[in-house]
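Work out the full structure: start from the sequences and follow the hints.
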Amino acid sequence: MSETDESVRDMGLGRRLITNFVIAEFFLIAGNLVVRMCNRGAFLPTWTIAIIAVATALPMLLFATKFFRMLRTDLDEMLQRVALEGLAFAMIVFVPLAGLYVNARAAGLINARLDPPEVLLIPSILVAMGVLISWSRLK
Amino acid sequence: MKNCLAELRDEKGWSQGDLAEKLGVSRQTINALERGKYDPSLPLAFKIARLFKRSIEEVFEPEEKLGKPLK
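Same order as they appear, the protein sequences are chains A and B.
Numbering-wise (this note's numbering), the first sequence opens with residue 1 and increments by one.
Numbering-wise (this note's numbering), the second sequence opens with residue 1001 and increments by one.
What the hints contain is simulated information worked out from the structure, not anything from laboratory work.
No residue lacks a Cβ here, since even glycine has one placed at the ideal position from N, Cα and C.
Treat each hint with caution, since some may be false.
Derived DSBU-like pairs (lysine-lysine); straight-line CA-CA distance at most 30 angstroms [said to hold, decoys possible]:
#	chain 1	residue 1	chain 2	residue 2
1	A	Lys139	B	Lys1037
2	B	Lys1053	A	Lys139
3	A	Lys66	B	Lys1053
4	B	Lys1053	B	Lys1022
5	A	Lys66	B	Lys1047
6	B	Lys1047	A	Lys139
7	A	Lys66	B	Lys1022
So the derived list for chain B, only partly shown, Cβ under 7 angstroms to chain A, looks like this [to be verified]:
#	residue
8	Thr1029
9	Tyr1038
10	Ser1041
11	Ser1055
Over the 10 angstroms line for every Cβ pair with chain B, so calculated as not near, a few chain A residues [as the list claims (entries may be wrong)]:
#	residue
12	Ala50
13	Ile52
14	Thr56
15	Met78
16	Ser124
What follows is the structure in structure tokens.
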């Protein structure tokens, strides 16, 4: 396999992963919005809303399984390290920030309320940032 | 850690992609190894040394001198 073929395969893997993630995230957020609209309008029975809530979370579950499999089998040791450093960065930044937000809100210092779209997007953005930081060090 | 991976690869006339395929890693990993940006795991270092029929010490060399020798 030539250098170009190899690069194209690696790029294809990354692109496919990002596309799958964006689709899964879209379903999750759209599902959340639909459920909230249905709850407000009360025009769907509870069991239908429950099905929508679960069904729209399934793509993300599939993505997580695929990502885990890719991490264990498709990536070599350096790319595994990049992915794991990205996840670690997200954890290191998100957990203290979430703790600070919860306490500051309880103390009345912050009035802003984080909605599910933000809560769902922040960790993934942080993972992407962590991966970029780790990748730039090794490039 | 310094290494002479690029020289060894050139001697064989292999591209980074060829070496990556022989070692079962990505081309990016070979690139990072050659630039000294990434230190391989012990199994990968052994694999590299075996592929070029050299000892690990002949391929990899620590950048700084190690401290006191172990007793």
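Verification of the hints:
Using a Cα cut-off of 30 angstroms, the hinted pair lysine 139 of chain A and lysine 1037 of chain B holds, with the two alpha carbons roughly 7 angstroms apart. Among the hinted pairs, lysine 1053 of chain B with lysine 139 of chain A is consistent with the structure: their alpha-carbon atoms are about 28 angstroms apart, no more than 30 angstroms. Annotation: proposed proximity of lysine 66 of chain A to lysine 1053 of chain B is violated, straight-line Cα distance about 38 angstroms (limit 30 angstroms). About 14 angstroms separates the Cα atoms of lysine 1053 of chain B and lysine 1022 of chain B, which keeps this hinted pair within 30 angstroms; it holds.
Note on lysine 66 of chain A and lysine 1047 of chain B: the hinted pairing holds, with a Cα-Cα distance of about 28 angstroms set against a maximum of 30 angstroms. For the suggested pair lysine 1047 of chain B and lysine 139 of chain A, the alpha carbons sit about 22 angstroms apart, so the restraint of at most 30 angstroms is met. Restraint check for lysine 66 of chain A and lysine 1022 of chain B: the C-alpha separation of about 26 angstroms stays at or below 30 angstroms, so the hint holds. Because the closest C-beta pair between threonine 1029 of chain B and chain A is about 4 angstroms apart, less than 7 angstroms, the hint holds.
Look at tyrosine 1038 of chain B: its Cβ gets to within about 5 angstroms of chain A, closer than 7 angstroms, so that hint holds up. Annotation: serine 1041 of chain B was flagged as interfacial toward chain A, and the flag holds, the nearest CB pair being 5 angstroms apart, inside 7 angstroms. Checking serine 1055 of chain B against chain A by beta carbon gives a least distance of about 21 angstroms; that is not within 7 angstroms, so the hint is violated. At the 10 angstroms boundary, the C-beta of alanine 50 of chain A stays outside the reach of chain B, the nearest C-beta of that chain being 43 angstroms off.
Isoleucine 52 of chain A, annotated as away from the interface, keeps every beta carbon of chain B farther than 10 angstroms; the closest lies near 40 angstroms. Every C-beta of chain B lies more than 10 angstroms from that of threonine 56 of chain A, the closest at about 34 angstroms, which supports listing it as non-interface. For methionine 78 of chain A, the condition that its CB be more than 10 angstroms from all CB atoms of chain B is violated, with the nearest at approximately 4 angstroms. At roughly 22 angstroms from the closest C-beta of chain B, the C-beta of serine 124 of chain A stays outside 10 angstroms, upholding its exclusion from the interface.
Comparing the model with each earlier hint shows violations of hints 3, 11, 15; every other hint is respected.
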